[in-house]
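The opening residue of the sequence shown carries number 73 in my numbering; numbering runs sequentially from there.
Possibly wrong hints are sitting among the right ones.
[Unchecked claim] Straight-line Cα separation of at most 25 Å, DMTMM-like style, residue types lysine to aspartate or glutamate; simulated pairs:
no. : residue 1 : residue 2
1   : K432      : E345
2   : K512      : D431
3   : K432      : E368
4   : K432      : E418
5   : K512      : E531
6   : K92       : D263
7   : K512      : E492
8   : K432      : D525
9   : K512      : D525
Derived by calculation from the structure, the hints in this document are not laboratory data.
What you are looking at is a predicted structure, and each value in this text was computed from that prediction instead of being measured.
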Amino acid sequence: MTMSFTLGLEQVQNELIQMKTPGCYWVMVNRQQDAHLLVRQTIAAHAAITLISHAAGANEDLLPPIDAGVRDRIALFSLPDAPDALNDLTQYLSRGVNDNPGLLLFCAVLSTWDNLSADQLAQWLKGMQQWLARKQLTMLVITEGGGVDIAQHDLHACYRHLEGLSHLAWQQGSWHYRVHWWGHGGRLLADRLLSLDVQHGVFTQIVPGQQGALSECHDENLYLVEKNVLAGAAPLPTVNWALFEGNGQLAQRAQQASSATVVFSLQHHHQIEALAGDIHQLRRTRGSRLKIAVREMQQALRRSDERLLLACGVNTILPSNVPTSRCLAALEGLQGQAYNRHVPAELAVLLKSLQPIQDKGYLPPTQFCHAVTRMIGNRLLPENGKGLLVALRPVATLSTQQALMLCRPRRFGDLVTHTEDCLYLFLSFCHYHHLETALKFIFPRPAGEIFVDLQVWFEDLLVCAELQHITARGADPVSAPPFVP
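Take these sequences, add in the hints, and give me the full structure.
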């Protein structure tokens, strides 16, 4: 299996930062502090690495403040202070590196190569390329200092011996990262310009308003769509549309996209967590230029679901009640946009923060009230928008326990309990105008045939007041039947 390494830049698509084995990649950096930060970020992204510098003691300045256990995985190597040290680099490395050096990271000032003519530079890179191929190794050269324009001209003439060449510069309040070319997976990506920021001590891609004009990607006009999204519609609008059998196939194809429009379909609420995982992975690995939409085929999303999908990286959600023609117009409106919100690395963090109740179904009155009260008191959730508390009084021919046996909540956060004469449902993050639809999914028969009276509370204070009434007249928890899914 071919090994690969990475620059470690956050929220940048893999093709622009991954380095294959064997290969030589070169990143030119104008400022010393930026070069050192990039070196530290690259070191942090690897389990094993060999750090090479041209001056004795310089390696220690490049290392981040890390403990001894982590430092053991970093091999340090300094070139001798000799006139021919650069030309003899492969000989020094052959004697000095261990059997498993990981990525070879060579950090030096750009003027180190000043004594080499253009032809000598090409010969040096050719020799390095051949040595890396024999040893099955990857080298990343990070240079700092001025003279980039001249060096860039010479390095462009050496494209046969470099798998990738890029340039990081501070300009007009942000870092511009230009990829001249970068080889990945048998493809060569060229002429890309990204804007970066430093967030939490690492370079991260950002999207200023003019980013669309800075970078035009090869699949900007491509639409990758799950086939149910266009069910019943006219033929495909253009030849740039590709349909896929399911969200799984679509997500797999989208892993190769750069700035295409990807449209998932959502049929049922039980698809939400898997869909969130696919979208989260796409946004983290493919970067901010990818445009992601979710088409709701039937009413399945609540506010918490919408917030989860948007936090995972969705640009827009197309509701089920919007006709296909307007959906197509909305997708056209996404062109030129980019996603500029931070996406946490761990999906579990998003799931925990946006789905605070991990129970569903029946709870005894005391536990029911405790769970709902805890959610109402969560200040991270929207005020008066945490869900609906619904009181349902059964018809005369049904007891509350019989009505309870008909109740089948399927979503986490949907809870039910009962008092002597009333059934209580808490539907987390449910819109009031979605209540009728929610009840259709929970009960096997229309609610009007099972209940004679229905009351709804959604404001936080009113929900808490009714919870106190439930506690005061709640049924004996021992006698209450458990929920049967």
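Hints and how they fare:
1. For a cut-off of 25 Å, the pair hint linking K432 to E345 stands: about 16 Å separates their Cα positions.
2. Taking the CA atoms of K512 and D431, the gap is about 20 Å. The hint holds against a cut of 25 Å.
3. This hinted pair checks out: K432 and E368 have alpha carbons roughly 23 Å apart, not beyond 25 Å.
4. At most 25 Å may separate the alpha-carbon atoms for a hinted pair to count; K432 and E418 meet this at roughly 24 Å.
5. With a CA separation close to 23 Å, the supplied pair K512 and E531 stays within the 25 Å bound.
6. At roughly 19 Å between alpha-carbon atoms, K92 and D263 fall within 25 Å of each other, so this suggested pair holds.
7. Restraint check: the Cα-Cα separation between K512 and E492 comes to about 24 Å, which is no more than 25 Å; the hinted pair holds.
8. Between the alpha carbons of K432 and D525 the distance comes to roughly 24 Å, so the proposed pair stays at or under 25 Å and holds.
9. Taking the CA atoms of K512 and D525, the gap is near 16 Å; set against the 25 Å cutoff, the hint holds.
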